[in-house]
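Model the placement of chains B and C on the given structure of chain A, informed by the hints.
Residue numbers (our numbering), protein chains in the order written: chain A, 1 to 76; chain B, 1001 to 1190; chain C, 2001 to 2263.
In short, the hints are calculated from the structure, not lab data.
There is no bait here: all hints are sound.
Far from chain A, by Cβ distances over 12 Å, these chain B residues were calculated:
no. : residue
1   : 1033
2   : 1037
3   : 1068
4   : 1099
5   : 1104
6   : 1124
7   : 1132
8   : 1151
9   : 1159
10  : 1168
Distance condition first, Cα-Cα at most 27 Å in a straight line; then the derived DSSO-like pairs of lysine-lysine:
no. : chain 1 : residue 1 : chain 2 : residue 2
11  : B       : 1126      : B       : 1139
12  : B       : 1141      : B       : 1126
13  : B       : 1049      : C       : 2104
14  : B       : 1100      : B       : 1113
15  : A       : 48        : C       : 2104
16  : C       : 2103      : C       : 2160
17  : C       : 2103      : B       : 1049
18  : A       : 48        : A       : 31
19  : B       : 1113      : B       : 1128
20  : C       : 2103      : A       : 48
21  : B       : 1126      : B       : 1113
22  : B       : 1127      : B       : 1139
All residues carry an ideal CB built from backbone N, CA and C; glycine is no exception.
Chain residues, written in single-letter form:
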Amino acid sequence: MESLPASLIGMGLAAAGLGGAGVGLGFIFGKAIEAFARQPSAEGPLSKYIWIGAAFVEAIALYGLVLAFIIMGKGG
Amino acid sequence: MITEAYASAGAAGKEAAASGLPQFESSVFASQIFWTFVSFFILLMLLRKYVLPAIETILDARASRIADEIQKAEAGRKEAERLQANFQGQLVAARQTAAKMMEEARLDAARMKEQAHEELQQELTKKKNAALVEIEQAKHKAMEEVRTVAVELSMQVAEKLIVKSMSDEDASRMVQEALTNLGESQAQLH
Amino acid sequence: MNFSLVAEAWAENAPNVAVGAPKLDPLHHFQVVNYVKLAPFGFDISISNSVVWMWLAVAVAFGLFRYAMRAPTLVPGRMQSVAEAAYLFLDGIVNDVIGPSGKKFFPGIFTLFFFVLFCNWLGLLPGSFTVTSQLIVTGTLALSIFVLCIFLGVYHHGWKFLGFFVPHGLPPFLLPLIVPIEVISFLARPVSLAVRLFANMTAGHTLLGVLFFFTVTLSWFGAWLPFGFTVVFSGFEVFIGFIQAYIFTMLTCVYLNDALHLH
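Isolated chain A, as found in the complex (with noise of 0.2 Å):
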């Protein structure tokens, strides 16, 4: 296989970590939206950790992002 397209399939790929990163923000966000209606005055110090939380899980997709780019350099 040549390696231009060989390397565009790989950075394809590496987008398929967004899924995970998509999974852990909607369990972030769905769970805080549960705990604040059952637990309303709980937002105030809650709303901290769910921003560093999602924060961290981004990372988390942006690392692919990140493999895609160094697929890139090697390709071609």
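For chains B and C alone, coordinates are given in the frame of chain A:
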């Protein structure tokens, strides 16, 4: 200069194309490592020298100011309480003084009334006694006068008797007359 | 470079591309350009656009704080309130995570937060350069923190610092399995710290670059949609810049705490 730099860098970028992202180009790493350290420590020094002490000072000043104010307010409250207690005591004392003065005045008035009453009584008694003495004297004087009159009368009668050598009838009549006169004068006195 | 060649080819064939449009490569603005080449004693300290924007971040951070605290008063003005709030915010992080023994790291943590924050935010200005999108910059910071943590751990605990890799209450037969995992996760700390910040900044700016690329290449009735998205994402990037600076700082505090108080 900058445009030239961009042009040359673009050429270099094309050459180093295999590295993909521009961030992975290792030719510019050394200077960035150096300047990251330098920039970070310059910022650290500047903030530590000029900014953080200022913020700390002002925060501490505010904290101590607030503590001071609270302390002052507490002291003020205590002072006010003390003053109030003081005032309360003074009020009680004044009330007691007033009550005492009232009592004294009442007693004074009673005593003065008593005294006046007594004096009046004495005066009245004295006047009454004086009047009684006067009456007695007048009575005495009147009796004295009556006696004098009687004596004079008897003297006159005796004179006439002696002068005229009057009869018995005459004599008894004259005595009767004299007695009647005396009785009249006595009636006049009473 | 094949990716940008593809983009250029597309741009050449696409209709309605503005004449003299800038290079339609979303990765173009990550290019480090040396303005002045300096290499005393063979050591490269060239001044590039990355270095200039680093200086600008330092100047803006210091200038804003200096301006805010130029004449501090007991009743603060607006800027002074913000400066004090920033101080208390970071003091809160250091106190919550490290505790009283973190007091001596406070200036460093404070500087780290505002260095990263202003590098992130200045990068959002059109035509500017995002210093924190350079892996080498975030890597330098992260590795320095990592080395500092190891140094502190060894300095405070000596050989006991190696107990850091052995969780409490672990059955001995699991040791060969868990200890390598712990070591790897420990070694992954600076990598994840550096890559998280770098990847967030790079991804955000690449996304903005791609959206602008669409804005320029599409005809007017199609261009407003990606252009609107660039507006939204610019706002989002401000938020991301803050969150990433916060996470970078907080994780630094966590790592310092781990080194100071073994768990």
